[in-house]
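So the chains spell out like this:
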Amino acid sequence: MTRLVLDEVVAIREGWRLAAQGTFDEGVHLISGDVGSGKSTLALLMAGLLPATSGSVKWEQCSSQMVSFQFPECHITGTTVREECESWGLDPSTILPSTGLSGKGDADPFCLSRGELKRLHLACVLARPYDLLILDEPFSSLDAREKLRTCNILSGRSRGITILFTHEQAILPHVGHIWEIRKGRLEYCGSPPEGLRNWQHAPPLIRKLIAEGKTPQNISPDALKEAACRT
Amino acid sequence: MIHIENLRYRLLAIDFLSLNTGVTSVIGPNGSGKTTLLKLCAGIALPESGSILIEGTTPRAMDIGWVNEFPDRNFIFGSVVDEVASALRFRHLPPGEITQRTSECRERFGLTRLSNRAVGDLSGGEKVIVALAAALVQHPAILILDECDSHLDSRCMQTSDQLIRESHIPYVIRSTQDMEAAAESDCVVFLEDGRVRHSGRPEQVFAGLCDTPFYPLSWRWR
Amino acid sequence: MQDVRLRTGAATLLSLVAFYNIQGAVAASIWWLIFTPNFHLIQKNRLILPSVAMIGVFSVLLEVTGGEGISYFFRMMVVILISAWLLSGQKKGDFLHLGCWLFGSRTGFELGMLAEMALQNLTTLVSDFDRIRAAERMKGVRSGIRSIVPIGRVLVHSTILRAEDTAELLAIRGYVRGGTFVCAFTHGRGDYIAAFFALCVSVIAIIPVSAFFILS
Chain F
1 MTRLVLDEVV
11 AIREGWRLAA
21 QGTFDEGVHL
31 ISGDVGSGKS
41 TLALLMAGLL
51 PATSGSVKWE
61 QCSSQMVSFQ
71 FPECHITGTT
81 VREECESWGL
91 DPSTILPSTG
101 LSGKGDADPF
111 CLSRGELKRL
121 HLACVLARPY
131 DLLILDEPFS
141 SLDAREKLRT
151 CNILSGRSRG
161 ITILFTHEQA
171 ILPHVGHIWE
181 IRKGRLEYCG
191 SPPEGLRNWQ
201 HAPPLIRKLI
211 AEGKTPQNIS
221 PDALKEAACR
231 T
Chain B
1 MIHIENLRYR
11 LLAIDFLSLN
21 TGVTSVIGPN
31 GSGKTTLLKL
41 CAGIALPESG
51 SILIEGTTPR
61 AMDIGWVNEF
71 PDRNFIFGSV
81 VDEVASALRF
91 RHLPPGEITQ
101 RTSECRERFG
111 LTRLSNRAVG
121 DLSGGEKVIV
131 ALAAALVQHP
141 AILILDECDS
151 HLDSRCMQTS
161 DQLIRESHIP
171 YVIRSTQDME
181 AAAESDCVVF
191 LEDGRVRHSG
201 RPEQVFAGLC
211 DTPFYPLSWR
221 WR
Chain G
1 MQDVRLRTGA
11 ATLLSLVAFY
21 NIQGAVAASI
31 WWLIFTPNFH
41 LIQKNRLILP
51 SVAMIGVFSV
61 LLEVTGGEGI
71 SYFFRMMVVI
81 LISAWLLSGQ
91 KKGDFLHLGC
101 WLFGSRTGFE
111 LGMLAEMALQ
121 NLTTLVSDFD
131 RIRAAERMKG
141 VRSGIRSIVP
151 IGRVLVHSTI
161 LRAEDTAELL
171 AIRGYVRGGT
181 FVCAFTHGRG
191 DYIAAFFALC
201 VSVIAIIPVS
211 AFFILS
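Residue numbers (the numbering used here), protein chains in the order written: chain F, 1 to 231; chain B, 1 to 222; chain G, 1 to 216.
Each hint should be verified, as a subset may be incorrect.
[Said to hold, decoys possible] Computed footprint of chain B on chain F; a stretch qualifies when at least three of its residues, placed anywhere within it, have a C-beta under 8 Å from a C-beta of chain B:
1) 32–44
2) 140–153
3) 217–231
Please keep in mind that the hints were generated in silico from the structure rather than gathered at the bench.
Each residue gets a CB set at the ideal place from its N, CA and C atoms; glycine is no exception.
Build the full structure now, drawing on both the sequences and the hints.
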């Protein structure tokens with residue numbers, strides 16, 4: 001079984017410190033935290049792209065991994081949208097229709113709007129069965145419709161570890177575990193529904209439902225709706 | 001009142017739109033023309049035809065505050081103090097007046113302790129507050145925010161909303177993908193394919209969107 | 001050296017004499033060893049080694065084609081080391097103070113602002129480069145010529161986008177030409193001594209050796 005273990009990991013930069021300890025099993029993990037709390041740094045540490053100041057990151061039975069950066073431009077290597085799909089080892093004829101970019105196969109990826117580029121990038125990343133997939137702010141630049149579509153794909157990911165760094169407040173996928181960065185330390189809140197009560201960065205909607213005694217089973221829009229309609 | 005008439009610019013086509021004072025949220029799918037509309041309202045772009053008049057004046061003839069989507073791309077200078085003072089310096093105001101107004105502004109936005117810090121070393125939330133301070137130091141009549149909430153956490157959004165409210169700007173126009181925030185606005189404009197599909201009070205606009213993901217989640221069970 | 005006027009003046013003078021002749025380069029490198037944190041600079045600045053490598057390639061080409069490649073390499077390396085020292089002590093806003101002190105609140109302000117923006121861009125380009133390279137590695141793109149082209153495209157694209165954003169900010173904030181600015185400078189204890197020796201080094205390097213000795 002694929003596992004990611006953070007063993008007393010500490011990252012220190014000028015005037016700033018982040019400590020992380022924990023084990024990530026297969027499933028969807030959501031990590032939240034204030035802007036500037038170190039989410040992107042933690043993503044890089046988890047992927048082995050940044051060395052920790054102390055401690056170690058261990059990957060068990062993890063043969064493929066990917067970090068999706070917040071800005072999709074960083075990932076572009078193709079000169080056309082079609083080439084970009086192929087650079088991920090994917091067939092453009094299957095990817096482009098799902099992103100609404102069928103007519104733009106020959107376009108330069110840099111000529112796409114930010115939303116279109118993010119859509120294309122996420123479609124490519126989510127089409128591959130990575131053992132470890134880290135997504136840094138996957139919902140930024142997406143409209144509500146695309147956020148919902150992306151959440152449905154993420155909720156359906158059955159294998160591997162998916163780690164989601166986001167501060168999205170409304171449209172979220174079905175997750176297995178919730179973590180958050182508090183005062184420079186990664187803390188495990190737990191699995192929903194119990195973990196929601198420990199989640200200090202919970203979106204206002206979820207906090208409201210909990211306060212009303214209607215703790216949702218999970219954080220997806222359907223789960224929130226079910227909780228809200230509960231009598 | 002902001003009056004937009006027979007506006008044409010690239011894909012944007014708005015025959016008539018009027019906005020009252022208060023907070024207006026511009027919403028819509030990716031590529032619907034939200035940023036284009038905001039840039040026209042800010043005077044960054046000029047309409048190919050038609051007009052935008054704010055209290056009877058064209059945008060380029062007014063002081064306008066602008067904050068764009070990315071916290072890192074709202075800066076001209078490297079230090080907080082230079083950034084906040086920039087609009088006043090560009091207008092060649094006397095040094096004494098610049099010092100007084102920027103000090104007041106930094107104090108109001110809680111930036112005094114950050115004055116000598118490099119903007120690159122600030123957290124994302126602090127960057128947005130500095131960008132807001134730089135936009136509001138000249139007391140503009142209109143503040144335009146282009147999806148600047150899309151990279152912020154909820155606490156940071158609350159802080160920036162509070163600072164904007166306390167600044168008593170007559171017109172605040174923001175584009176957003178946060179429908180919960182849009183539902184709290186005084187007015188909502190829903191754009192699709194460059195056209196205004198719905199505009200008015202949030203209740204009116206979202207009534208026409210209840211079968212779409214753009215309908216605020218919290219409204220589905222209120 | 002804290003005073004940006006002395007630092008920039010010394011760096012300009014030393015760079016010129018280092019490039020002028022080999023004696024100048026030797027003298028400037030001795031000054032660099034004595035008055036700067038020298039080898040710490042090389043460890044801290046990631047741009048030094050790639051720059052020296054690039055100069056190395058040009059120097060080899062120059063040597064092969066009959067030019068003075070070795071001399072060029074040494075002189076340029078000293079210029080790079082002096083530049084690295086200049087930038088290592090740079091605080092945000094320093095160039096704005098220097099520009100306005102030298103050329104006033106119109107042209108000087110603009111030159112200072114340009115320098116500030118260029119420095120910020122340099123820092124951003126380095127972090128963008130790291131991120132793009134990491135993204136390429138995860139995609140399985142190996143280092144080499146084939147990986148450089150996409151990196152260049154992304155960097156050019158993001159620089160253009162940033163330039164557009166900056167232009168918008170300048171327009172919105174009412175920039176037309178120059179701006180009000182009050183210059184202020186701070187001095188370190190050894191500033192004047194280091195600057196004095198930079199001047200001495202430059203004079204010694206430029207004046208012919210025969211001028212110091214009475215040769216029969």
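Cut-off 8 Å, C-beta pairs, minimum 3 residues; does the coverage of the region 32–44 of chain F by chain B stand?
holds (count 6)
Please count how many residues of the region 140–153 of chain F have a CB within 8 Å of a CB from chain B and say whether that reaches 3.
holds (count 9)
Confirm or reject the coverage of the region 217–231 of chain F by chain B under the rule of 3 or more residues with a beta carbon closer than 8 Å to the chain's beta carbons.
holds (count 5)
In summary, the structure agrees with every hint in the numbered list given earlier.
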